[in-house]
Amino acid sequence: MSYAFIALYAVLTVAFGILPALYALYLAFTDAEGGFAGVGNFTKVVGDFRFMPAVGHVALYLAIWLVALVVLVTLLAIVVHAVAVRWVSSTLRLIFYLPGALAGASSVLLWLFVLDPAAGPIGGLLHLLGFDSFVEVIVPANLPPIFAVIAFWTGAGGWIVIMYGALNNISADVIEAARMDGAGRIQIAWRIQLPLLRKWISYMGIMSLAAGTQLFVEPQLLSQASNAIVPNDYSLNQLAYQYAFQQNDFNGAAAISLLLLAIALALSAVFVLRGGLFEKD
Amino acid sequence: MGETAISRRPRRLSGAVRGAGILAVALTMAACNGGGGTGDNPSGSYGFPQVAQDDKAEITVWVDADRAGAVEAFKKANPAVPVKVVSYDGSANGSNSFRTKMQLFDRAGSGWPDVVFSTQNNDAAWASQKTGGKQAFAAVLGGGLVPKATLDGFTPGSLNPCTVEGKVYCLRNDLAQAVLWYNKTLLDRFGYAVPATWQDYQALGEKVAREHPGYIVGTVGDAWTPEVYFWASKCQANGITGPKSVTVSTGSTECKRAATMLDTLIKNGTTPNISVFTPEFVKKYAGKVLLMPGPAWYAGAIFNNPQSLNVPKGQLGVAAPPAWQGETAVTGNVGGGTWFISSHSKNLKAAATFAEFVTTADDYQVNVAPGYPAFAAAGDKWIKKQESSGYYATDLRPVVKAGTEIWDGWGSGIFSQEAIWAKTMTPAIAGGKSLVDLLPEWETAIKNQAQVNGYTVK
Amino acid sequence: MATRTGNRWGSPIVYLAALLLIGVMLGPVVYIIVGGFRTNSQITVDPAGWPDPWQIGNYLDVLRSDTFWRQVGNSTIVAVATTAGVVALGVMASFVLAQYTFRGRGAMYALFAAGLMFPATVAITPLYILIKDLGLVNTLPGIILPQIAFGLPTTVIILVPFLRAIPKDIEEATAIDGCSRLGFFWRMVLPLSVPGLITVAILAFIGSWNSYLLPLFVLNNQESFTLPLGVQAFSSQYSVDTAKVLAFTSLSMIPALVFFSLFERRIVGGLTGAVKG
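Chains A, B and C, in that order, give the protein sequences.
So the number in this note's numbering is just where the residue sits in the first sequence, counting from 1, plus 162.
So the number in this note's numbering is just where the residue sits in the second sequence, counting from 1, plus 375.
So the number in this note's numbering is just where the residue sits in the third sequence, counting from 1, plus 98.
Among the hints, erroneous ones may be present.
What follows is a list of derived Cβ distance ranges for each label pair [claimed, not checked]:
id: 1; chain 1: A; residue 1: 198; chain 2: C; residue 2: 321; range: 42 to 52 Å
id: 2; chain 1: A; residue 1: 343; chain 2: C; residue 2: 281; range: 37 to 47 Å
id: 3; chain 1: A; residue 1: 195; chain 2: C; residue 2: 164; range: 25 to 35 Å
id: 4; chain 1: A; residue 1: 304; chain 2: B; residue 2: 812; range: 20 to 30 Å
id: 5; chain 1: B; residue 1: 652; chain 2: C; residue 2: 233; range: 32 to 42 Å
id: 6; chain 1: B; residue 1: 541; chain 2: A; residue 2: 194; range: 19 to 29 Å
id: 7; chain 1: B; residue 1: 701; chain 2: A; residue 2: 198; range: 54 to 64 Å
id: 8; chain 1: B; residue 1: 452; chain 2: A; residue 2: 197; range: 47 to 57 Å
id: 9; chain 1: A; residue 1: 198; chain 2: B; residue 2: 658; range: 53 to 63 Å
id: 10; chain 1: B; residue 1: 681; chain 2: C; residue 2: 164; range: 24 to 34 Å
id: 11; chain 1: C; residue 1: 121; chain 2: A; residue 2: 343; range: 35 to 45 Å
id: 12; chain 1: B; residue 1: 541; chain 2: C; residue 2: 164; range: 45 to 55 Å
id: 13; chain 1: B; residue 1: 812; chain 2: C; residue 2: 233; range: 48 to 58 Å
id: 14; chain 1: B; residue 1: 659; chain 2: C; residue 2: 233; range: 50 to 60 Å
In silico lysine-lysine, DSS-like type, Cα no more than 25 Å apart, as pairs [unchecked claim]:
id: 15; chain 1: A; residue 1: 206; chain 2: B; residue 2: 582
id: 16; chain 1: A; residue 1: 206; chain 2: B; residue 2: 509
id: 17; chain 1: A; residue 1: 206; chain 2: B; residue 2: 822
id: 18; chain 1: B; residue 1: 582; chain 2: B; residue 2: 642
These are calculated hints, taken from the structure and not from any lab test.
Positions of the beta carbon are idealized from the N, C-alpha and C atoms, including for glycine.
Isolated chain A (complex conformation) (with noise of 0.2 Å):
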């Protein structure tokens, strides 16, 4: 049976994951004539005059994004969670996830007028902060903001829900204990809540930074709506994209997709490590 059970993972997995991946591999290492190229497609991606700033980008982002999504879905969760009053709550939840009922590009098509200070409706307060046209929104230092709030806006309402269903899992005795002992609500998310959390805070943190690094959707869009103010080069993944379909160097492409695994796996040890993911149990 359990073979049975695992045979359609198995296949699936090989056909659509392992394969291609194995492809990308066996790219990223030759040349285009299907030649042994050693690591010469990694020094010529890194050389690229599109790289570094690709890099700098996708950090930022990441930085502002994943702090942003830990720290406020933890407690965004924890607070709904609070929240006694049973329709108020589950109206919370309601509220947090409907921007992710937008199918993906609608959302970002939707900051695109959001964020356009003479036809969106916030305007006045653009104007107010300084800016009076759309290509003075977009401009590249604001951008790796405009899409973690973007990310965030259509990503956190899922995960809320998840935190809010991991907190239910807490025993309402262990809480009334120690509310007995005189521990405050504060106390209660930081010694009782927030450890019990660490696991799902890592799922997140590793799915988010899986999702982050690949950042490609938003910065597309932005790019085809703003034509090509925004470039088309903005993050790795559509870097790899140019040198894959507009510069028909699919070695290339493999190889800034590899870089991309190593940092993304590099950074993803940490949330392994500090959530205790693997741990023997």
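Since chain A is already given, all that's left is putting chains B and C on it; use the hints.
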């Protein structure tokens, strides 16, 4: 139950392994020989290798939403030819989907459509080239596939973006020559004359800034600013000299004079850094556009469009593109669609019939098409039709004339000049930098982009 | 320390912050829904204003268009099928993985995590060739199958620890009752792992609902587009018709909201249930 499962175990496992092995082989095979040309006719009678032909085969055509009318017109005129329509984004707005999809098909070794419409001018540059030993996507049209008489019927120079090393790889749908649009009613009221030179144009812009602030004489907010101003100034920013070589020199006088002019006009507020396709532009400048150098399609896209500037009937005039004092006038070009025939087509005859029809037949180009036809005979008729609508305050002869004045020193490379401008220049202008100071930065950006695309840069 | 009511309501600052955040989360959604009831000229004149008069035309236009329904249908089918596939295959595999302790389990786990991190851009070419060889280009299964595969690592990472937490004595007890392992899986493991399954389902659904890159490559024809591609195509085609784009966008949220309301209750109720069980 557990027993049977165990006894079945090895077979399942080997099955899975074998399956994976087959997949792996399939992958490598497909990845290695994706050429697709089955070699029935390796040389081909039209100057490229072709597959076995079938005159009855259905042709698949890829068009954007605006070209759906072209397919309808063709179906009506040629009910016997089976056509399957696939709507896609026309590779517009830098999506590059045409090229991306063809590369996937190249790798997969099948799947190519027979005819493709593209909104871009950069496609012949890659579609004419073999990629990784695989046959070039675009069929050579001048080798007999499309009659010479038809090719000769296009406005002189209009097939330049389709021509690589002397061979024609696509048919031009419409011309997008830049002309000088103006609001005759406003100009008359203010007592200004239509500028004949760029020097006059700048002087007029300075006068407008003083006498009628708030009115504008152009914009620099769109990615085609270099094509409208710098191309028309013979700036050597895009000297494509071969399939893989380009000359870039933005330090020349020609580039500098255009930059200096724009710096003045940007500073005094008469050429704002706002895209004409934003609500912001419509809100601020509806009724305030005095002059506007721009492509022929501006007429329908922004002036005579209720969702955009919505200029009333009888006000919009058009003049020939200005010249630089002492020189003959040349002009730039902003897009203009192209039609490609796949060299992999099983029914080249039908594909060619289709491409010819949509570019030359009155049924589409004159009666339906929104843009100025590149096919000269259709172009004349189209102009007459437009004039008879009574919308324009002047005749449209300047449009026809400008169509023949496009400067040929600005090429159609594989990389997008518009994307480079948008990325490096537009934000810098927004940041208050001067164009003259930015010229070296622009040159570096163009050279970098050309190099990563495999160009030898001079 | 704090009084009983203080405990229940927390500090006002927290609530103020929460309110502000709610505004940020809700504001844009309200804006598109309300914006869909306005005309373009209303939006141009006063971007932040209220509809005056209310226009239902934009919504009716969208509801009457085949394109909208086809894309909503496509997206829903893909998301539901992906979710079902991920959950079903994931729980089966996780069950097996959770039962055995073997050497290198940590390494295998790390491999799954690595799978999450793998950038899809480069895998897209071999994937495409595979999908083409299976004859699935331009079809919904061509998206569903790879998405199931992509969703599996997440599932395994979350479900394996979850399933391992099911006490061993329950299995032993059921074994004594003469229950087969399949029966054990069906009658005990599945009900106990519902909260984990719901979590996984939510993640898989959201992932599929937002998926952009894979459909972009697999689907050539706008007729077969899913919503993320469709919304983008719609908005560039009607770039000047802001009100209609807003109406289209707001209506496109409905299936995901239905899904949410169905499952949200389950995760909350289910988790408490698990504790009792």
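So, going through the hints one by one against the coordinates:
1. 198/A x 321/C: 42 to 52 Å: 44 Å, holds
2. 343/A x 281/C: 37 to 47 Å: Given a distance of about 44 Å, which is inside 37 to 47 Å, the answer is holds.
3. 195/A x 164/C: 25 to 35 Å: Because 48 Å falls outside the window, the suggested range is violated.
4. 304/A x 812/B: 20 to 30 Å: 23 Å, holds
5. 652/B x 233/C: 32 to 42 Å: 40 Å, holds
6. 541/B x 194/A: 19 to 29 Å: Since residue 541/B and residue 194/A have Cβ atoms about 27 Å apart, the given range 19 to 29 Å holds.
7. 701/B x 198/A: 54 to 64 Å: The hinted range 54 to 64 Å holds for residue 701/B and residue 198/A, with Cβ atoms some 60 Å apart.
8. 452/B x 197/A: 47 to 57 Å: 52 Å, holds
9. 198/A x 658/B: 53 to 63 Å: Holds - the Cβ-Cβ distance for residue 198/A and residue 658/B, about 59 Å, lies within 53 to 63 Å.
10. 681/B x 164/C: 24 to 34 Å: With Cβ atoms ~25 Å apart, the hint holds.
11. 121/C x 343/A: 35 to 45 Å: For residue 121/C and residue 343/A the Cβ distance comes to about 37 Å; the hint holds.
12. 541/B x 164/C: 45 to 55 Å: 46 Å, holds
13. 812/B x 233/C: 48 to 58 Å: Since the Cβ atoms of residue 812/B and residue 233/C sit about 57 Å apart, the hinted range of 48 to 58 Å holds.
14. 659/B x 233/C: 50 to 60 Å: Taking Cβ atoms as reference, residue 659/B and residue 233/C lie about 53 Å apart, which means the hint holds.
15. 206/A x 582/B: 52 Å, violated
16. 206/A x 509/B: 24 Å, holds
17. 206/A x 822/B: 17 Å, holds
18. 582/B x 642/B: 13 Å, holds
The structure fails hints 3 and 15 (numbered hints given earlier, in ascending order).
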